[in-house]
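Undergrad: Residues per chain are reported as follows:
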Amino acid sequence: MIRVALPEHLRRLARVDGEVELALNGPATQRSVLDALETSYPMLRGTIRDHVTLERRPFVRFFACARDLSLAQPDAALPEAVARGTEPFLVVGALAGG
Amino acid sequence: MSGVRVLVGTRKGAFVLSSDGKRKQWSVNGPHFGGWEIYHVKGSPADPNRLYASQSSAWFGQVLQRSNDGGKTWDAVGNKFAYDGVPGTHQWYDGTQHPWEFKRVWHLEPSLTDPDAVYAGVEDAGLFHSTDGGQNWQELPALRAAKGHLWQPGAGGMCLHTIVVDPRDPSRISVAISAAGVFQTDDAGKSWRPANCGLKSPYQLPDSTAEVGHCVHRIAMHPSRPNVLFMQKHWDVMRSDDGGANWQEISGNLPTDFGFPIEVHAHEPETIYVVPIKSDSEHYPPDAKLRVYRSRTGGNEWEALTTGLPQRDCYVNVLRDAMAVDSLDPCGVYFGTSGGQVYASPDAGDNWAPIVRDLPAVVSVEVQTLP
Chain B
1 MIRVALPEHL RRLARVDGEV ELALNGPATQ RSVLDALETS YPMLRGTIRD
51 HVTLERRPFV RFFACARDLS LAQPDAALPE AVARGTEPFL VVGALAGG
Chain U
1001 MSGVRVLVGT RKGAFVLSSD GKRKQWSVNG PHFGGWEIYH VKGSPADPNR
1051 LYASQSSAWF GQVLQRSNDG GKTWDAVGNK FAYDGVPGTH QWYDGTQHPW
1101 EFKRVWHLEP SLTDPDAVYA GVEDAGLFHS TDGGQNWQEL PALRAAKGHL
1151 WQPGAGGMCL HTIVVDPRDP SRISVAISAA GVFQTDDAGK SWRPANCGLK
1201 SPYQLPDSTA EVGHCVHRIA MHPSRPNVLF MQKHWDVMRS DDGGANWQEI
1251 SGNLPTDFGF PIEVHAHEPE TIYVVPIKSD SEHYPPDAKL RVYRSRTGGN
1301 EWEALTTGLP QRDCYVNVLR DAMAVDSLDP CGVYFGTSGG QVYASPDAGD
1351 NWAPIVRDLP AVVSVEVQTL P
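Sequence order for the protein chains is B and U. Here the first sequence is numbered in the numbering used here, starting from 1 and rising by one per residue. Here the second sequence is numbered in the numbering used here, starting from 1001 and rising by one per residue.
Just to be clear, a hint being listed does not mean it is correct.
[Stated by the list, open to error] Here are the in silico distance ranges between beta carbons for each label pair: (1) F59(B) with P1286(U): 31 to 39 Å; (2) F59(B) with S1002(U): 40 to 48 Å; (3) K1022(U) with L71(B): 55 to 63 Å; (4) A1188(U) with Q73(B): 42 to 50 Å.
[Stated by the list, open to error] Chain B residues, not near chain U, derived (Cβ > 12 Å throughout): (5) M1; (6) E21; (7) L24; (8) A28; (9) T29; (10) F63; (11) A66; (12) A76; (13) P79; (14) A81; (15) R84; (16) G85; (17) E87; (18) P88; (19) L90.
Don't read these hints as lab results, they were simulated from the structure. Glycine residues also receive a C-beta, built at the ideal position from the N, C-alpha and C atoms.
Bound conformation, chain B alone:
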């Protein structure tokens, strides 16, 4: 199972506590994880990536295994630890600054 950690605003929107666990049919990539997430929680469509272009929203970041994967290709393989479920895929709201 893939573990996904959502920021608090999206956890409340999706009505989940803690991490989300997702089963994938195929390789673990940003695209496959987000597709599965939006299938299970359709209220999250449009909040992490654009409805039409599927591009990541500007102030959303993707972290895993202490790395920033935000700029990685959507179909690139996620780290093995994420694919095995030993590390979570983090969806993060970018720092607001100020």
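With chain B's structure known, arrange chain U on it following the hints.
TA: Relative to chain B, chain U alone:
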């Protein structure tokens, strides 16, 4: 016993304020969607338990919420606002053309007769419609053909913030867009025309009477007289007696004719309300006194309403969607401020008291009169 429900959108969540018909004792429920910007919450006139709320965030974009129980519980519905076809371009700050980009929903206008039908006014300016309770949204793209290539965003964004539907003929709709003006359709959105004749914007436009480009802040209508429209423009308070074909200034003796909201008394179509703000560079009341101005003559002659409102050291603003009236007798008037206060007057503006004082900055106020 009759009652009222005040729906408040703030920078950090939505609140539902409730009272009986006396409008003296209030309960405050919220925040709903805490931490999100709530630009607008509005109830269906056809079913007071059906509410719609626009929830947005710079991080996570637009969410549309719907309640079927008067705001006790909510469910996210459709949030896909895709412009029809190739969206095209509008004027940009540097003189180039810039593609239309959806940013957020500013205003929701439910149908008078169908709880599942609702319009949404959005930034970048466009009008969307849903007939399935907000699950799916379709743009009315002909609006952007009404000289949309000349529209240019102001500092507050190029937003469609006002939607006024003729209660006698719902195919007649007036919308207002910041820094573009008023646009009207007589055929439910198949075709649109600018309706800005008589507006003058000498310090905002090189041609002060241009067909488009006027910064209209709000228009209001009494349901018994759809051909009479009132307007708070960036500067100037205006009225039209021919359904928007021509506008005349009615600022009269106001201390300043800059402001954002304008409202009409529920039972007196010639009684209107504005909240004068010092200027476009100083968004707070003149003389630091928070005063609602009421005209009982449809404009020109205005009286200050001050009882219960702060008359010193007050530097709040009242935004365009943050004033509303109920339909009880006497008519109740409500407004919210950038300082987080929501004021209510149960007697048409003669006396005011805060319902609540310390909410996040108030963006919108709507009122439902309940049986």
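Undergrad: State the violated hints by number, sorted upward, taking the hints as numbered earlier in the document.
TA: none
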